[in-house]
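Participant: Sequences listed follow chains A and B, in order. With the working numbering applied, the first sequence covers 1 to 143. With the working numbering applied, the second sequence covers 1 to 141.
Each hint can be trusted.
Here's a subset of chain A near chain B, in silico, CB distances under 8 angstroms, partners left out:
1. V13
2. A115
3. G126
Honestly, the hints are just simulated from the structure, not real lab data. Virtual Cβ for every residue (Gly too), placed ideally from N, Cα, C.
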Amino acid sequence: METVRYARVDERVELAHTGPIAIDPTPLLGTWINTNSVTPSISSVGITEHDGNLSITVQSASGPTPRDWGSAGVEVLYSNGVLSTAAMALTATYQFESLHVHLEGNLSLGLLVVATFNTFTDQSGGSNYFGREFFYRSKSRAH
Amino acid sequence: MTPMTPASIVETIDPDTPVHAVDAAPFIGTWLSTNRDTQGIAKLVVRLDHDGLRMCAFGVGVSSLCEWGEVEAQVFADSAISRMGHAFRAVVDLGFKETILQAKVKKGVLVVANFNRFKDGSRRASYFSREFFYREVSHES
Chain A
1 METVRYARVD ERVELAHTGP IAIDPTPLLG TWINTNSVTP SISSVGITEH
51 DGNLSITVQS ASGPTPRDWG SAGVEVLYSN GVLSTAAMAL TATYQFESLH
101 VHLEGNLSLG LLVVATFNTF TDQSGGSNYF GREFFYRSKS RAH
Chain B
1 MTPMTPASIV ETIDPDTPVH AVDAAPFIGT WLSTNRDTQG IAKLVVRLDH
51 DGLRMCAFGV GVSSLCEWGE VEAQVFADSA ISRMGHAFRA VVDLGFKETI
101 LQAKVKKGVL VVANFNRFKD GSRRASYFSR EFFYREVSHE S
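When you get a sec, could you build the whole thing from the sequences and use the hints?
Facilitator: Listed below in structure tokens is the structure:
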């Protein structure tokens, strides 16, 4: 039986090299500020690399001061094509006391677009909800 | 230490509110790529059954469409106090690769971001793409 190796024709490529494609995270690195300065949700995102490991930090803007979600490891780094080395997107997960958050971010027109899929893990009655916000890169270094 | 749930979320929830399913109606139907020459996902079929929202993607193959198989999709509202479906998310595991699909309807267009990770050691890079779909109009009387 033939093994399916692609599920869409743009994945059907011939690879000339022998090693795995290393995706360069540089386009994603830095501090990203919400384009909406009065957002009640995520105000900034930091993406850093240390010893080849990528991590993300999130600051939530609710209340008078930012609230720190803490640091989470980037689970997967994505390029913009099966033969591309330029980072285009990432995924991360946060598990809070009563909320599970899938965070999925991608670059678009120089902005970082961050989608959050928020699932309650308690019986609070709240709907699981989706958020999508836009961030520009800060000129200062990542925190 | 387990981080606290962000206060902005906890404050918006009434604990006496009963849990109801988020309305998935905005997503139900057959969706076709707006790009007739797409090399990616050509069609999505989204339906509701007693277990919730189900979704099946069809990729463009060499000579025909490649069905990815039906999977469960999780529906999300636009806030913790809303019951209106705003987006859905599904994970398709095809063995050789895993794809996360996130979709939302914007101005009648289903916008689907997909995050593809190969698991077969083929040396292809994990990649992201975003595609657009319009709802197929049924001509049945």
